[in-house]
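Asks: Note that the protein sequences, when read in sequence, are chains B and Z. Under numbering that gives the first Met the number 0, the residue at position 123 of the first sequence is numbered 122, and the numbers go up by one with no gaps. Under numbering that gives the first Met the number 0, the residue at position 78 of the second sequence is numbered 77, and the numbers go up by one with no gaps.
Please note: incorrect hints may appear among the correct ones.
[Claimed, not checked] Simulated pairs of lysine-lysine, DSS-like, Cα-Cα distance not exceeding 30 Å:
(1) Z:K276 <-> Z:K99
(2) B:K99 <-> B:K238
(3) Z:K2 <-> B:K99
(4) Z:K99 <-> Z:K40
(5) Z:K232 <-> Z:K2
(6) Z:K40 <-> B:K140
(7) Z:K251 <-> Z:K271
(8) Z:K99 <-> Z:K271
(9) B:K99 <-> B:K276
(10) B:K99 <-> Z:K251
(11) Z:K99 <-> B:K140
(12) B:K2 <-> B:K276
(13) Z:K232 <-> Z:K271
(14) Z:K99 <-> B:K238
(15) Z:K2 <-> B:K232
(16) B:K251 <-> B:K99
(17) B:K140 <-> B:K40
(18) Z:K140 <-> B:K40
(19) B:K140 <-> Z:K140
(20) B:K99 <-> Z:K140
In case anyone wonders, no lab produced these hints; they're calculated from the structure. Every value quoted in this text rests on a predicted model; they were computed, and no experiment measured them.
Next come the chains, spelled out residue by residue.
Protein chains: 2
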Amino acid sequence: MFKEILAQDAARIQAQFDLVLSALDELDVTRAMAYTTQGGKRLRGFLVMESARMYGIDATQAIWPAVGIEALHAYSLVHDDLPCMDDDDLRRGRPTVHVKWDEGTAVMAGDALQTLAFELCTRPEVGNAEIRAELALTLAKASGAQGMVLGQALDMAAETAAAPLTLEQITTLQAGKTGALIEWSACAGARLAQADPEPLRQYAQALGLAFQIADDILDVEGDAEKAGKRLQKDAEAGKATFVSLLGLNAAKSRAVELVDQACAALDGYGAKAETLKDAARFVIARDS
Amino acid sequence: MFKEILAQDAARIQAQFDLVLSALDELDVTRAMAYTTQGGKRLRGFLVMESARMYGIDATQAIWPAVGIEALHAYSLVHDDLPCMDDDDLRRGRPTVHVKWDEGTAVMAGDALQTLAFELCTRPEVGNAEIRAELALTLAKASGAQGMVLGQALDMAAETAAAPLTLEQITTLQAGKTGALIEWSACAGARLAQADPEPLRQYAQALGLAFQIADDILDVEGDAEKAGKRLQKDAEAGKATFVSLLGLNAAKSRAVELVDQACAALDGYGAKAETLKDAARFVIARDS
């Protein structure tokens, strides 16, 4: 059930992206924006759509922040892949933007994708002005120097640090780098309904951490072809990960524990929360 | 009078920046954010503050979008200075961020400054939710792939184009690259007052173009020390500018004409518009 809904939401998000991006002038930078917003799991967009459904919010509302968060995620990938950041030449099985075009195009495409995220969240089609302003403000807090960029900066600093990070430091780093956007996505449904996002926040915090632990496990055990990117990078770089700190088995147990916690946070919603619970279980069972 | 008001607004904007940025964790990326938001003319922030004053909006409201637009402008400078973009090592007389730190820090600091701009425009202190959502949406339109980034992309494309740009193409390029943010800044006062921004838009469109023509004149006639950056770059690069296309004298006349147009657009506001008119006159008389 979850996989079908994820696939439907992903298709809907892609169609909306195509529509939005086709309105832009044809230039390398806009071609690169379209290229980089193709594919991907769309987990963040799904979390927006599904948490909105749980509150009875129509998909014609939820689609805008869903595409917005995927635009923001895409910007973070394009900039993260740059030679001066993670220096990756492959993403989702295809050349990264700075390889296919050039670094300047990658910088500008990422910049414009970030801007697009805020535009999509504040479009007149979304709920009312209270909701639009709240979505934009919380997205800014989740993605800036107190959220995602803080996580990236801690990650960069760790590369030149004398000692590997501790478990506490890695948890803080990941709460910013991947956790903040996952949290925003899951809370979006409550925000669209002007309801209390607290249960969804608890769900998403456990989910985000489980997601990252699963990523670290995939980096060690995964198949590079299925993942569509280079693996074993962290071990080669001597970086501390949840797997290097906890060991493979304890990391797997911790991920299962976190998924149980995530599911428990949604018990108050009853059967309506089943798809979000399935999503949490999927996150640690995926192979890419 | 205008110069005193500009100086007062600049000091107020700087104090607010210091306050906002001091709340962030101390890291290279946040140090770079603070570094790059020091100094500058603060013309955009002034336009927000002054257009708001014209509508009787308190400075405690206007300061947020004023600092926001300066954060967005600062992001554009940090990314523009990168080796893969304009490759500048000097800005406002000091080493650029990627020279003082490194390219990764410059990418992340710029990214987080863009995010900060949207955060500041949507903070609860600003007007009401209608105003916050409208400021964020219009800022996104002005700065993304239909505004500033479009201008930057056209500028990059021009560097490898077979023929130099025409006057019409340069005008389009500059309307995006510098005009869109100047327009947003001048219209912000009307938006804070929930009034029609049309007269301010006309003022700003003429002002923005005059500003760019003055920049091209400074690039030819200016003093690199006063400007705090490398000059004669465009001529060396063989790039078309308003000066290369119109000639120096015609460019100067056109700038004067545009300033007259800008001032005329504000006649309906009476004496309250004097400072904005002075600002327009200053833009073509400045030496940096």
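Asks: For the pair supplied as a hint, K99 of chain B and K238 of chain B, is the alpha-carbon distance within the 30 Å limit?
Replies: Status holds; Cα separation ~28 Å.
Asks: With the threshold set at 30 Å, check whether the alpha-carbon distance from K2 of chain B to K276 of chain B stays at or below it.
Replies: Status holds; Cα separation ~12 Å.
Asks: For the pair supplied as a hint, K99 of chain Z and K40 of chain Z, is the alpha-carbon distance within the 30 Å limit?
Replies: Satisfied, since the Cα-Cα distance of roughly 22 Å is no more than 30 Å.
Asks: Run the distance test for K99 of chain Z versus K271 of chain Z: straight-line Cα separation, threshold 30 Å.
Replies: Outside the cut-off at roughly 43 Å; violated.
Asks: Is it true that the CA of K232 of chain Z sits at most 30 Å from the CA of K2 of chain Z?
Replies: Holds: K232 of chain Z and K2 of chain Z sit about 29 Å apart, inside 30 Å.
Asks: For the pair supplied as a hint, K140 of chain B and K40 of chain B, is the alpha-carbon distance within the 30 Å limit?
Replies: 24 Å, holds
Asks: Take a quick look at whether K232 of chain Z and K271 of chain Z sit within 30 Å of each other, Cα to Cα.
Replies: 39 Å, violated
Asks: Given the hint that K99 of chain B pairs with K140 of chain Z, does the C-alpha gap stay at or below 30 Å?
Replies: 27 Å, holds
Asks: Regarding the pair K276 of chain Z and K99 of chain Z, is the alpha-carbon distance no greater than 30 Å?
Replies: 38 Å, violated
Asks: Given the hinted pair K2 of chain Z and K99 of chain B, is their alpha-carbon gap at most 30 Å?
Replies: Judged against 30 Å, a Cα distance of about 48 Å means the pair is violated.
Asks: Mind checking the alpha carbons of K2 of chain Z and K232 of chain B for me, to see if they're no more than 30 Å apart?
Replies: 55 Å, violated
Asks: Holds or violated: are the alpha carbons of K99 of chain Z and K238 of chain B at most 30 Å from each other?
Replies: 26 Å, holds
Hints 1, 3, 8, 9, 10, 13, 15 and 16, counting from the list given before, are not met by this structure.
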